[in-house]
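Enquirer: Chains as they are written, first to last, in this note's numbering: chain S, 407 to 735; chain P, 407 to 735; chain G, 407 to 735; chain H, 407 to 735.
In short, the hints are calculated from the structure, not lab data. One thing to keep in mind: the hints can contain errors.
Identical chains blur together in the list; that is why a pair holds if it fits in one copy or across any two.
Claimed, not checked - 30 Å max Cα-Cα, derived DSS-like pairs, lysine-lysine:
#1 K585 with K465
#2 K419 with K585
#3 K419 with K465
Protein chains: 4
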Amino acid sequence: VGRVNYYAFTVNKLPVGVLGASGYAGRELCALVQAHPCMELAFATANEQRGTTVRVGGKAITFIAPEDAPLGQAALVFSALPHGASHEWVTRARDAGARVVDLSADLRPGNEHQGAPYGLTEINRADVTGAELVANPGCYPTAILLALAPLIEGELIAPGSAIIVDAASGVSGAGNAPKRELLFGEVAGDYRAYGIGNEHRHLREMRSSLAAWGADADIVFTPHLLPVARGILASITVTLREPLDDAMAPWRTRFADEPFIELVDGPPSIRDVVHRNVTSIHARMLTGTRQPMLLVLSAIDNLLKGAAGQAVQNANLMVGVPETLGLPA
Amino acid sequence: VGRVNYYAFTVNKLPVGVLGASGYAGRELCALVQAHPCMELAFATANEQRGTTVRVGGKAITFIAPEDAPLGQAALVFSALPHGASHEWVTRARDAGARVVDLSADLRPGNEHQGAPYGLTEINRADVTGAELVANPGCYPTAILLALAPLIEGELIAPGSAIIVDAASGVSGAGNAPKRELLFGEVAGDYRAYGIGNEHRHLREMRSSLAAWGADADIVFTPHLLPVARGILASITVTLREPLDDAMAPWRTRFADEPFIELVDGPPSIRDVVHRNVTSIHARMLTGTRQPMLLVLSAIDNLLKGAAGQAVQNANLMVGVPETLGLPA
Amino acid sequence: VGRVNYYAFTVNKLPVGVLGASGYAGRELCALVQAHPCMELAFATANEQRGTTVRVGGKAITFIAPEDAPLGQAALVFSALPHGASHEWVTRARDAGARVVDLSADLRPGNEHQGAPYGLTEINRADVTGAELVANPGCYPTAILLALAPLIEGELIAPGSAIIVDAASGVSGAGNAPKRELLFGEVAGDYRAYGIGNEHRHLREMRSSLAAWGADADIVFTPHLLPVARGILASITVTLREPLDDAMAPWRTRFADEPFIELVDGPPSIRDVVHRNVTSIHARMLTGTRQPMLLVLSAIDNLLKGAAGQAVQNANLMVGVPETLGLPA
Amino acid sequence: VGRVNYYAFTVNKLPVGVLGASGYAGRELCALVQAHPCMELAFATANEQRGTTVRVGGKAITFIAPEDAPLGQAALVFSALPHGASHEWVTRARDAGARVVDLSADLRPGNEHQGAPYGLTEINRADVTGAELVANPGCYPTAILLALAPLIEGELIAPGSAIIVDAASGVSGAGNAPKRELLFGEVAGDYRAYGIGNEHRHLREMRSSLAAWGADADIVFTPHLLPVARGILASITVTLREPLDDAMAPWRTRFADEPFIELVDGPPSIRDVVHRNVTSIHARMLTGTRQPMLLVLSAIDNLLKGAAGQAVQNANLMVGVPETLGLPA
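Please construct the entire structure, taking both the sequences and the accompanying hints into account.
Expert: The following block contains the structure:
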């Protein structure tokens, strides 16, 4: 007892570029890349904040203008650019020879540009592995589709019924552009729905995925803004064909051995998932209804499993290193 | 311009007792009574905190032991005692000649003791007016039943369908007894569901009310704990018989001229209702579903419209002064 | 027991205008005016938000452009315009015949325009009473100067010593213009000093007041940004000529019967003063130092006693109604 | 570009025990040990919570009773037991052959038991290296003494003057035992001083250290409770012998190349240091005072650099692995 043999070692690291690095997801990407055993930050771009230096994880990063990005020096590029603006830069990075993970909506199901594998890793792992371009899912769709997948694949949902999704997100989901309604003085102590009436952009992404999976169910989506910095909780009510004796069985079976899926015995908590690249899921039958109804709760960190973390998880598979590398579980 | 005639005046005030005054609702009652133009605080009881002096609205109140309460000196008694313990003291206060508003669950629909008017004021105003004993509704049922009443009364909900209620409450709803899971260090930055699986006590109260109103619909209820001090938002999804051209029409018609119902053009916000005795409601049709579906959002301050405020609103009607007196709208 | 005589009455009310009504202090002024028994809102101006309608205390207010303000119709005008911009509008309102309370720094001690009574009400009540123009103090100076006045007036501070002021303010003190550093995602969970090195604008105001009072002491001021919406706490360390046997005696004597000064037995708390027009003060001798040293703690709501509340307190004295009217104590 | 050579490796790890693992510092210790490349958790004890299983960093830990702890199997023991209770267990662990870091106050300067090196790492590194027992500093003393050391060592402070320390801590500093005053409903939106009048336990620790360093200055300490989960900021005002041309020079010189001291250009922020084992320091001369005065600001994460992080930093030196190992900078 008490002797330690400690070996330091160095590997060659992948040079990685981050486009749109000044936003919340972009900064999280920079932090993950810097702490990743096989990656190093080659450049980080920001448009409005070009030239400014920030500390990320204790290291200084100076944002360069997008047009100055040495795309050809990066083996891997993450784009956290705004929806609409990302697609062009993804094309440029691909032309320069880099593998690309696009965190914008541009390449996701239900949006304009199609064809890239949809990086909902636990569902589409085979397509992501070795891919050169991946569309990283939205934060809400990640939490919700991972929760729904075992029900859809098992054909457990009552045909023609509606899946009711109420979800709540921390404010980092709205980005860090200065807006009055996102000031601390406005958000602290508040809670409200937004994008109601099935108007949220992420619904399109979820409907396209459900359709692709052959789901015969409608989906209703009401997001809310939480007075917390980060985290998403989705509360999903579904009508089943038949009651489940063991409400957790579909997830236990489908997600056995998944390193980033955490099945919990009670309601998952945002606090337990923030700063971690996991999806935490719990399901419970609802009592006292004529139809058999099930509640599924799904929690993620919107900036990690819902953005930068899943992006690195996908990138690991794309470049052929262990899927869990550099990711806090 | 510029001359002011200011008249001060004094009325005889009703002596009021508050049982269980040390909790959040009890303190709010003391504050409302002290600021009420027709009420004055005769006594305030607390069991564990007997003998301690607190400031409420700038005035010092010393809690007395319940058994020392001079019940006979009060014209009106509010009981904010715990569920189960309240009923006995309500009986004592009634025997001593006081009118009583019971804020506990003991006398509410679906609970053990029946017969007192249910003080959901806007719905049961006739029964409350002049009553000597009123059962004050729970916080969640207040927000939810006021939002549902126009739909039930208008027979707008699809028969046999399920009403899906996701709701979130600030921590004051859980009281101020010291529990580890309610510490600031545990709640800050967190969000989670609780009492899931249709297990929350308030569901019984809501189901009894819906049954009494003749509703042919199930109800599903998932409450969540918000990292805010006060406020409730209920997000209610219902399936309708037929689409509504004007989604707000049922509430506009039913609640015309109600001083404490506020119909708003967009999602109501907890921030806009805290410290006020109002229910703020918005409704919107949901797009892209086979059945016509409606979202109804309802926000209240759980300590005012959901507890002490509605209690004073009921008390005003019981003793015959204007319903709005002493209540912040 | 149990009979209530309730009399409603109406007085003629003073028409009041609010310039710069869209900021936090401006909205608080509108709310106070609307709830004041002797005032009614004649108009509220906002430059950028002209034409928008907001709810304040349950009533809708539509902001008009400053140049459309019917200044001549107001008996009283509050200016919550930005520093520098206020002075011109104060002159216009005075020319139109209105009494004016200027909440900007323009007329305060140490700033460009001099001569108006400084509305630190408890200190300058005689000058404020009946005045036609008053310079309303800054939020920090209100908390700090009220705490220091009894020490200065009593010549208790060691000559030539330095008064060390550390203070913390909620974010509403920084206004509601959208800035990245004030976003919820930046402020939540954070705490930092700002304006350090004796650079804060309010220091000039405090130094001028101390000089006018004949204080022979330096002052050092370090403000901090708190992750709360409202409230200020000042922690003031002074070196005394001699130890005080009764540390609270100077305030008890000086502020006897003051309705808005609250002397408390332990550290005052922001929570206990928000939404109230009070200054809460506590003092305690410090042990274990060679020189006799005293800690004075002073808490206010920066938007009430530190801005809109003190402005109404001053206005009450200016127009000759009771000083406490319409103010939450 | 684009080839990755990734090597996994295993070392023999030190078995580590954590006494008092259920508190905030204890849990942080467990998380650090589990993520440390040279340590593995042998056992974790908790008295009240014995038998309960918690997730720390995604791994389940079951707390055992202290009396069941296999002390002899641990090469290293961290004690996060309460003050007073820790000393006995430290002795037991030492008797069983383990190196021990005591996070309680029991062995710190100014407390009952003396003789163990005081683990303020950057100051006492030589004494800590290879030591078998270390007294880990308190959270406030860590932030404050590291900020003061260059001034004391350089004899820069005016002899006989008083060092004025105002500091603020997140609520985790008060532990996770359930107390009413630490409930979310009490702390949210609040800010207050506590332990005022130089009564805080940590002052004894700081005074003993200053005396041992030969400082000829008094110290005054006013702590405050912040509505954040974690983090400490100390705002220190000192009177100097002479003005400093370069206010940061003493720290730049003294702490050159320190991996866990971060000198910043502006006021340090709690947000920038939480979840990191660093002390962030800034200093600025104060203008407009007769004596030359300096403000020093120092920020730490109270649970990392102020407790568990510094404990691991010390342990690394005790067992002979790189000081920075397993610590988030």
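Enquirer: Does each hint hold? Answer for all of them.
Expert: Right, here's what the structure says about each hint:
no.: 1; hint: K585 with K465; result: both (28 Å within a copy, 25 Å between copies)
no.: 2; hint: K419 with K585; result: neither (39 Å within a copy, 38 Å between copies)
no.: 3; hint: K419 with K465; result: both (17 Å within a copy, 29 Å between copies)
Hint 2 from the earlier list is the only one contradicted by this structure; the remaining hints agree with it.
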